[in-house]
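Asks: Those protein sequence lines, which keep their order, are chains C and Y. Under the working numbering, the first residue of the first sequence carries the number 21, and numbering increases by one thereafter. Under the working numbering, the first residue of the second sequence carries the number 21, and numbering increases by one thereafter.
By construction, these hints were calculated from the structure, which means they are not laboratory data. Honestly, I wouldn't trust all of these hints.
As the list claims (entries may be wrong) - Here are the computed distance ranges between Cβ atoms for each label pair:
| id | chain 1 | residue 1 | chain 2 | residue 2 | range |
| --- | --- | --- | --- | --- | --- |
| 1 | Y | LEU65 | C | ARG180 | 49 to 55 Å |
| 2 | Y | LYS124 | C | ARG180 | 28 to 34 Å |
| 3 | Y | ARG125 | C | GLU43 | 37 to 43 Å |
| 4 | C | ARG82 | Y | LYS205 | 47 to 53 Å |
| 5 | Y | LYS128 | C | PRO161 | 36 to 42 Å |
| 6 | C | ARG244 | Y | GLY195 | 48 to 54 Å |
From the three backbone atoms N, C-alpha and C, an ideal C-beta is built for every residue, glycine too.
2 protein chains.
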Amino acid sequence: MGELIFVGLGLFDENDVSLRGVEEAKNADVIFAEFYTGLLAGLSLRRLEKIVGKRIIVLRRRDLEDECGESILRAAENGRAVLLVPGDPLIATTHIDLRIRAEKRGIKTRIVHSASIVSAAMGLSGLQNYRFGKSVTIPFPVNGRVSRTPYDVIAENKRRDLHTLCFLDLDVEGGRYMRIREALKILLSLEDDIGGGILGLESLAVGISRAGAKDGIVKAGSIRELLGFNFGDPPHTLIIPSENLHFMEAEALSVLADAPKWVREMIK
Amino acid sequence: MGELIFVGLGLFDENDVSLRGVEEAKNADVIFAEFYTGLLAGLSLRRLEKIVGKRIIVLRRRDLEDECGESILRAAENGRAVLLVPGDPLIATTHIDLRIRAEKRGIKTRIVHSASIVSAAMGLSGLQNYRFGKSVTIPFPVNGRVSRTPYDVIAENKRRDLHTLCFLDLDVEGGRYMRIREALKILLSLEDDIGGGILGLESLAVGISRAGAKDGIVKAGSIRELLGFNFGDPPHTLIIPSENLHFMEAEALSVLADAPKWVREMIK
Chain C
21 MGELIFVGLG LFDENDVSLR GVEEAKNADV IFAEFYTGLL AGLSLRRLEK IVGKRIIVLR
81 RRDLEDECGE SILRAAENGR AVLLVPGDPL IATTHIDLRI RAEKRGIKTR IVHSASIVSA
141 AMGLSGLQNY RFGKSVTIPF PVNGRVSRTP YDVIAENKRR DLHTLCFLDL DVEGGRYMRI
201 REALKILLSL EDDIGGGILG LESLAVGISR AGAKDGIVKA GSIRELLGFN FGDPPHTLII
261 PSENLHFMEA EALSVLADAP KWVREMIK
Chain Y
21 MGELIFVGLG LFDENDVSLR GVEEAKNADV IFAEFYTGLL AGLSLRRLEK IVGKRIIVLR
81 RRDLEDECGE SILRAAENGR AVLLVPGDPL IATTHIDLRI RAEKRGIKTR IVHSASIVSA
141 AMGLSGLQNY RFGKSVTIPF PVNGRVSRTP YDVIAENKRR DLHTLCFLDL DVEGGRYMRI
201 REALKILLSL EDDIGGGILG LESLAVGISR AGAKDGIVKA GSIRELLGFN FGDPPHTLII
261 PSENLHFMEA EALSVLADAP KWVREMIK
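So that you can see chain C by itself, here it is in the shape it has in the complex (with noise of 0.2 Å):
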């Protein structure tokens, strides 16, 4: 009987898989892996296939999504097939769909975790994990169209006094990165379209670029500085905190992510 082991590659370059992660490539009969639910911005294939010491199959969207992973799962009924992807797996929802496609035809599944944006965002911020409501994507707009959701999302974490976590839209194949500019202009812009009084240029925010990567940013500020900022190179994301903090969250922000000093304000 086939086996598909998913392999998490983390956040930024071939380093960022785990020993376990290494160790099911090694041993794979084939080896799969898609770049396209999330960007490892430092990752070369090149050295990953060296890590790994064999070739890989880059996969593209419409090779898991229109054709439904069918190359892969029938690699993994004949054997054991790997499927690197970016971050942690079945977070995306194209992974859990495929995991469900290879159980139902008696292909065993195994998940090799790795890290995600979503603890390391957190992580990075300094501001607790448990303060967190739920999270949300700012999609592009499509025909000048905005999605107000965001905008939903964060009115009613800050209504709980809860941070938001914004991931950004992102087009790997396409090469478009949404940056903490862009998404911070359509904050603003649904603002003034639904006037719910709950963001401004002065409002706070939380910008992190490139987390794991050796350079990546993490920097706390007004809306109206983060305008400003150059955060660099994507990927980016965002946090929207709530309009309280604990001390150690203020303190966390003024020391690792050079907050300015009105956030001491922010203590609940």
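Position chain Y against the provided structure of chain C, taking the given hints into account.
Replies: For chain Y alone, coordinates are given in the frame of chain C:
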């Protein structure tokens, strides 16, 4: 100037560390580890020392909390120190506190991320990450008294149609690990006391044991069913899903977590 690098060990054993984490440990002047903020059930210190090629100094809770990590900070002032920690670093408050202290003393800090139970539990359950609300820890009763916080968090998440990720209390140094059964009993006793009509024996829950291990278990079912189910050794984690499920969530719980048939009826 000195340096302190926090390296995540991931979820289960010494093979969950990333290649980057091993490299950082090999380049360190001194390596510390703490194993009390999370349980790495399969880890062997000897094997970990073999992997990094150096002796590892194991710190206890009192070294980090009562003495505020003074031994690490002194080592980091004079060279390159690595602190190995369970999971993804900086999810635990202790690490955030230590990082702030280090930076205030002019020690540069960096993070090597790793798998966290936060994203692993979401991924293993097949429930969608953006449908999780605030997470919560279910603490051990103190003098027979049970905190009502977990109940209130679950109730508020359910009102918003969100899932709740529940971390179960542990006292690694004392060898006490809360099991899914104990956590469910605590929740049921809170329901009895508070009477909010949020949870009962027929409510859906998802139990996860030994996330990241080959013999890890993910099982969805009624609380009644899970109370009688053998999840094996710790660590255990619990998810209380919202009252509605998306189609793919119900499918995932059925195929990947052996959910009973009535879970299909929860489709939104």
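Asks: Of the hints given before, which are not true for this structure?
Replies: Violated: hint 1 alone.
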